[in-house]
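K.L.:
Okay, here's what each chain looks like letter by letter:
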Amino acid sequence: MTIDEVTLDYPDEVVTAAHVRYVTLPGVAGPVALVTLDNGHDHTRPSTFGPAGLRRLLAAVDEIEAHDPPVAAIAVTGKPFIFSVGADLGFRSSITEADRLRPSLDALGRLGHDAFARLGSGRLGGRNLESGRKVPTFALVNGAALGGGLELALHCDYRALSTGIPALAFPEVFLGLVPAWGGTQLLPNLIGADRAVSVIVDNALSQNRTLRGSTAFELGIGDVLLAPADFLEEALAWVGRVLRGEIDPVAERRPVQRGDAWAEAVARGRALADARLHGAAPAAYRALDLIALAETADRDSGFAAETQALADLSVSGELAAGLYAFDLVQKRAKRPAGGPDPALARPVTKVGVVGAGLMAAQLALVFAHRLEVPVVLTDIDADRLDAGVANVHREIDNLLLRHRISPDQANRYKANVTGSRTVDAFADADLVIEAVFEDLAVKQAVFAELEAVVAPTTVLLTNTSALSVTEMAARLEHPERVAGLHFFNPVSVLPLVEVVRAARTDDATVATTLAVARTLKKDAVLVADAPAFVVNRLLTRFLGEVLGAAEQGTPIEQVDHALDPLGLPMSPLVLLSLVGPAVALHVAQNLHATFPDRFRAPTSLARLVEAGRGSVYTTGPDGAQIVDPEAAAALRSATGAPRSATGAQPPTAAEVREAALRALAEEIHLMLAEKVVAEAADIDLCMILGAGWPFHLGGITPYLDRTGISEAVTGERFAPPGIATPPR
Amino acid sequence: MFGSARGSVRDVVFVDGVRTPFGKAKGVYAETRADDLIVRVIRELLRRNPSLPPERIDEVAVAATTQIGDQGLTIGRIAGVLAGLPESVPGYAVDRMCAGAVTAVTTTASSIAVGAYDVAVAGGVEHMGRHPMGEGADLNPRFVAERLVDPSALVMGSTAENVHDRFPAITRERADAYALASQEKVAKAYANGQIQPDLVPMAARHADSGWELVTADEPPRPTTTLDGLAGLRTPFRPHGRVTAGNSAGINDGATGCLLAAAEVAAELGLPARMTLVGYGFAGVAPQVMGIGPIPSTEKALARTGLTIDDIGLFELNEAFAVQVLAFLDHFGIADDDPRVNQYGGAIALGHPLASSGVRLMTQLARQFAEHPEVRYGMTAMCVGLGMGATTIWENPHHSAATTATS
Numbered sequence: 001m002t003i004d005e006v007t008l009d010y011p012d013e014v015v016t017a018a019h020v021r022y023v024t025l026p027g028v029a030g031p032v033a034l035v036t037l038d039n040g041h042d043h044t045r046p047s048t049f050g051p052a053g054l055r056r057l058l059a060a061v062d063e064i065e066a067h068d069p070p071v072a073a074i075a076v077t078g079k080p081f082i083f084s085v086g087a088d089l090g091f092r093s094s095i096t097e098a099d100r101l102r103p104s105l106d107a108l109g110r111l112g113h114d115a116f117a118r119l120g121s122g123r124l125g126g127r128n129l130e131s132g133r134k135v136p137t138f139a140l141v142n143g144a145a146l147g148g149g150l151e152l153a154l155h156c157d158y159r160a161l162s163t164g165i166p167a168l169a170f171p172e173v174f175l176g177l178v179p180a181w182g183g184t185q186l187l188p189n190l191i192g193a194d195r196a197v198s199v200i201v202d203n204a205l206s207q208n209r210t211l212r213g214s215t216a217f218e219l220g221i222g223d224v225l226l227a228p229a230d231f232l233e234e235a236l237a238w239v240g241r242v243l244r245g246e247i248d249p250v251a252e253r254r255p256v257q258r259g260d261a262w263a264e265a266v267a268r269g270r271a272l273a274d275a276r277l278h279g280a281a282p283a284a285y286r287a288l289d290l291i292a293l294a295e296t297a298d299r300d301s302g303f304a305a306e307t308q309a310l311a312d313l314s315v316s317g318e319l320a321a322g323l324y325a326f327d328l329v330q331k332r333a334k335r336p337a338g339g340p341d342p343a344l345a346r347p348v349t350k351v352g353v354v355g356a357g358l359m360a361a362q363l364a365l366v367f368a369h370r371l372e373v374p375v376v377l378t379d380i381d382a383d384r385l386d387a388g389v390a391n392v393h394r395e396i397d398n399l400l401l402r403h404r405i406s407p408d409q410a411n412r413y414k415a416n417v418t419g420s421r422t423v424d425a426f427a428d429a430d431l432v433i434e435a436v437f438e439d440l441a442v443k444q445a446v447f448a449e450l451e452a453v454v455a456p457t458t459v460l461l462t463n464t465s466a467l468s469v470t471e472m473a474a475r476l477e478h479p480e481r482v483a484g485l486h487f488f489n490p491v492s493v494l495p496l497v498e499v500v501r502a503a504r505t506d507d508a509t510v511a512t513t514l515a516v517a518r519t520l521k522k523d524a525v526l527v528a529d530a531p532a533f534v535v536n537r538l539l540t541r542f543l544g545e546v547l548g549a550a551e552q553g554t555p556i557e558q559v560d561h562a563l564d565p566l567g568l569p570m571s572p573l574v575l576l577s578l579v580g581p582a583v584a585l586h587v588a589q590n591l592h593a594t595f596p597d598r599f600r601a602p603t604s605l606a607r608l609v610e611a612g613r614g615s616v617y618t619t620g621p622d623g624a625q626i627v628d629p630e631a632a633a634a635l636r637s638a639t640g641a642p643r644s645a646t647g648a649q650p651p652t653a654a655e656v657r658e659a660a661l662r663a664l665a666e667e668i669h670l671m672l673a674e675k676v677v678a679e680a681a682d683i684d685l686c687m688i689l690g691a692g693w694p695f696h697l698g699g700i701t702p703y704l705d706r707t708g709i710s711e712a713v714t715g716e717r718f719a720p721p722g723i724a725t726p727p728r
Numbered sequence: 001m002f003g004s005a006r007g008s009v010r011d012v013v014f015v016d017g018v019r020t021p022f023g024k025a026k027g028v029y030a031e032t033r034a035d036d037l038i039v040r041v042i043r044e045l046l047r048r049n050p051s052l053p054p055e056r057i058d059e060v061a062v063a064a065t066t067q068i069g070d071q072g073l074t075i076g077r078i079a080g081v082l083a084g085l086p087e088s089v090p091g092y093a094v095d096r097m098c099a100g101a102v103t104a105v106t107t108t109a110s111s112i113a114v115g116a117y118d119v120a121v122a123g124g125v126e127h128m129g130r131h132p133m134g135e136g137a138d139l140n141p142r143f144v145a146e147r148l149v150d151p152s153a154l155v156m157g158s159t160a161e162n163v164h165d166r167f168p169a170i171t172r173e174r175a176d177a178y179a180l181a182s183q184e185k186v187a188k189a190y191a192n193g194q195i196q197p198d199l200v201p202m203a204a205r206h207a208d209s210g211w212e213l214v215t216a217d218e219p220p221r222p223t224t225t226l227d228g229l230a231g232l233r234t235p236f237r238p239h240g241r242v243t244a245g246n247s248a249g250i251n252d253g254a255t256g257c258l259l260a261a262a263e264v265a266a267e268l269g270l271p272a273r274m275t276l277v278g279y280g281f282a283g284v285a286p287q288v289m290g291i292g293p294i295p296s297t298e299k300a301l302a303r304t305g306l307t308i309d310d311i312g313l314f315e316l317n318e319a320f321a322v323q324v325l326a327f328l329d330h331f332g333i334a335d336d337d338p339r340v341n342q343y344g345g346a347i348a349l350g351h352p353l354a355s356s357g358v359r360l361m362t363q364l365a366r367q368f369a370e371h372p373e374v375r376y377g378m379t380a381m382c383v384g385l386g387m388g389a390t391t392i393w394e395n396p397h398h399s400a401a402t403t404a405t406s
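So the protein sequences, as listed, match chains G and A.
Counting from 1, position 569 in the first sequence corresponds to residue 569 in the UniProt record's numbering; the numbering is continuous, with no gaps.
Counting from 1, position 309 in the second sequence corresponds to residue 309 in the UniProt record's numbering; the numbering is continuous, with no gaps.
Just so you know, not all the hints are guaranteed correct.
Footprint (simulated), chain G over chain A, 3 or more residues, beta carbon under 8 Å [unchecked claim]:
# : region
1 : 36-43
2 : 196-204
The calculated label-pair distances, taken between Cβ atoms and stated as ranges, are [to be verified]:
#  : chain 1 : residue 1 : chain 2 : residue 2 : range
3  : A       : P197      : G       : G245      : 16 to 24 Å
4  : A       : Q196      : G       : T44       : 33 to 41 Å
5  : A       : E173      : G       : R133      : 52 to 60 Å
6  : G       : R133      : A       : R339      : 35 to 43 Å
7  : A       : R237      : G       : A227      : 43 to 51 Å
8  : G       : P70       : A       : E31       : 24 to 32 Å
9  : G       : P11       : A       : P197      : 32 to 40 Å
10 : A       : R339      : G       : T44       : 35 to 43 Å
11 : G       : G245      : A       : K188      : 29 to 37 Å
12 : G       : D62       : A       : P151      : 55 to 63 Å
13 : G       : A343      : A       : P197      : 52 to 60 Å
14 : G       : A59       : A       : D227      : 38 to 46 Å
15 : A       : H330      : G       : P70       : 53 to 61 Å
Simulated from the structure, these hints should not be mistaken for laboratory data.
By construction, the Cβ of each residue, glycine as well, lies at the ideal position given by its N, Cα and C atoms.
Hey, can you work out the whole structure from these sequences and the hints?
P.N.:
What follows is the structure in structure tokens.
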């Protein structure tokens, strides 16, 4: 080995041991070496591979090689519920010197290939894989197998999968890497390029979708699928049948299609990556190049190309941002920064929803489904109320149809969701949320009416997107029990809720709201009572720049695609259609009123709403999506003449993009100064979870830092190099 | 009663029996759950008998002495759910200390006989390493205040010493010789491949050394010698007779069997390896619980109209050598009678309390196939708190058997 031990120094590694025991199988000459991957913790801390773990694997094969009597085969399995979840991500993050990044990842790449090939090849009797004795190798995949864990399994000759595997996947591309311990070369040659593209690229780019054991088996990743109850025993019995020659799993595998089929698969992957990323992040494209290479490359050159890609990506800003974003979503989202003692939370046994409109119905549904308590909707209009309750009941039936809930649950939830024309029904509610018209006076009146009925400790929540929660509570006797709980539309899809602590909100109210958010399976970010909070404020600022360009005469398509190079989940004007121009206008008007110098008057948006247009796009005669000419006219006919009319050129796409990003940097800087959230990380978390902004941007501040925009606009970075951006 | 057996009772057959290899407490199964042991057994019974549709199982009766933790909460139901049986298949827990699995068999068999069930799973599990006998027990103080039992009654080794007192002819030397023979017979049965077919390999995890596959019993000591046995101390009484060598150990393991009405077994194409003739349970003074099998056997014989001479094969649980010898002396059977414990017994194999009864039956079933000349066989065991349990079976391979072999 030529691996520089120094570059692989990683003292914080939770080392996964590779225990070896020898198993006797009937009718098999010689023992089978059974390797157990186990990091010594329970399943909540899955086994990973860092440099020391990989060396343990090599040492295990050394031991197996020296075993007397000689082994008949090698099998590898994991601790309960976990096979292996792949490379220890902390290794990359532990490297703080820029010049160590590439050599370290290069060395880790080679060490992993060495260890996996040494075990997986079954070549014993010398480190030279071309010589020596070959024994069959088996991966007995008992539980979660991600990334490097799956790659180790692919290096083996045969694979048994458990139906109990909760997740089997290559999340590398999702994070900004490629499977670089053999995955891009071995998987397509096992299951074909098309399926490999689905697993390595499509799933990774689809919110890191994972496979279950049975689906992985259907794709051809496993040779046998066994129940979890006695998986290891039956997997070893299957190993015995293979070793005795009673069955030949290889003969059962589907033949892999090469030539055109391979090229088409890679092309499909590129189209898919383009649609999602517009070239914004390199990992998916590198993975596709490697899959293309795998059709004809010999193993050594294929593996070398993987290591090269790993080293290249290791220094990328996208990877640094991806790892940062992953950490935010995994950890920070689960424990909101700045939250009070969770023990202060009060139980919520009944919920009131003021209003019976679309949003109220969505809220009632999520409370009924997740909190499983009685939910009362109220509306003074009997017809609207009946329609609202019916709407919720219909959605409960839909959950039943989709097998998300059982018939008994459907009965329970429907019985729990009722309507009342007066707020008297809220008397014993522990929590009431209002989703009425976005008007401060209306909401103040609602809260005043509620306070007359409910207990002094009943938590009163508003789902306002832009109004001041503090003002809403100002006239109450108990303003301390008022907070904001801002959902994102569609409520059942987007994971974020902004929990708004108003000026006088007490800790118990915040704790109760955070606890409720968690029960609703939402990720909460605690925000201050600042105009439009986080997501809407930033999207509005951003949209303002985009609409401004349209007003100045930049063609609509050009404006709307100006941000494509960021790889956002949707373009700004498509997002506008989704949010609804009326809602966007309301938020924009509020922000303009508060910050008129940064949030321009949303005149074009107002015209769009006035024109009754719900979207900038419409369907053309041939079914294709086209810009609605009337909507375009509404956006363009600014009160002031377009710049083109005065001889100046309208902004180019690049200028629109730069203006939008600069606006974001400025706004985030101000929001942090205003202490809207605890840290820039919370802004990023909001944008990832509430707006679906991608990991490769790290939300947004890592991107603004690594492109120099934040320093150019505000004179400082949001975070020092090495946290969410590569070390410098 | 039930229409399927109106006016008569149905023959009940022993279809198949399997067990995990037995382990020493704190040994191979130190980190393996008790419920995982019995689940493995149930799944293996189904795997070995693919013609049995799982939904045809009417009951899962699982015995455990210490029904706590991973042996608690109605282990028969828990095990059925964990084993993946259809949710329509019910289950319950049984406790009669060492005779738990025997009781699971006799109770479900009786239900089959009267037509309440067609097919049942009966078995037992005991993880004595995790759950020592008496764990969590709360004995009524009246036992002591009113001298309801001798204080030695709750210490099984002391009850064995008491049996020695009662039968002075049973010396330590005889007990040790019997123990040695048990070890030797187990070693021979292993060499002949007579034990292994009814063992199901069990994966056992060790956090510090990885998974292993347990394919053989851990307790046997094939290198045992008389000298070695003679040198062992007597932990229950100074200068006593009961040693670790002439007693069963503290063990972990699970057993299970399939029982069916004879006609249902035939319908489903299931083998009938034994036919139940009858059974008996009896009580004795708790401080000499080892003599329990004598009255239970007499009861079983009387009620089946058989005599001891009709029994061609005996599977006697060897909790202690002295209690087996007391049984043999009582019935006039030689210590080394070849009909007795042909594959050796619990002194070598181990005795995970509530599971042992089905091990005896499984071994008897295999011996029936080897000995078509034998018509009747018996299992018997002593039971803590002063009881005995006996079952009598007919060999379907015998020419005069009332049930046809399938």
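K.L.:
Each hint needs a verdict: does it hold in this structure or not?
P.N.:
The hints, checked one at a time:
| no. | hint | in the structure |
| --- | --- | --- |
| 1 | 36-43 | holds (count 3) |
| 2 | 196-204 | holds (count 4) |
| 3 | A:P197 x G:G245: 16 to 24 Å | holds (22 Å) |
| 4 | A:Q196 x G:T44: 33 to 41 Å | holds (39 Å) |
| 5 | A:E173 x G:R133: 52 to 60 Å | holds (54 Å) |
| 6 | G:R133 x A:R339: 35 to 43 Å | violated (51 Å) |
| 7 | A:R237 x G:A227: 43 to 51 Å | holds (50 Å) |
| 8 | G:P70 x A:E31: 24 to 32 Å | holds (29 Å) |
| 9 | G:P11 x A:P197: 32 to 40 Å | violated (52 Å) |
| 10 | A:R339 x G:T44: 35 to 43 Å | violated (56 Å) |
| 11 | G:G245 x A:K188: 29 to 37 Å | holds (32 Å) |
| 12 | G:D62 x A:P151: 55 to 63 Å | holds (58 Å) |
| 13 | G:A343 x A:P197: 52 to 60 Å | holds (58 Å) |
| 14 | G:A59 x A:D227: 38 to 46 Å | holds (44 Å) |
| 15 | A:H330 x G:P70: 53 to 61 Å | holds (55 Å) |
Violated hints, listed in ascending order, are 6, 9 and 10; each of the other numbered hints is respected by the structure.
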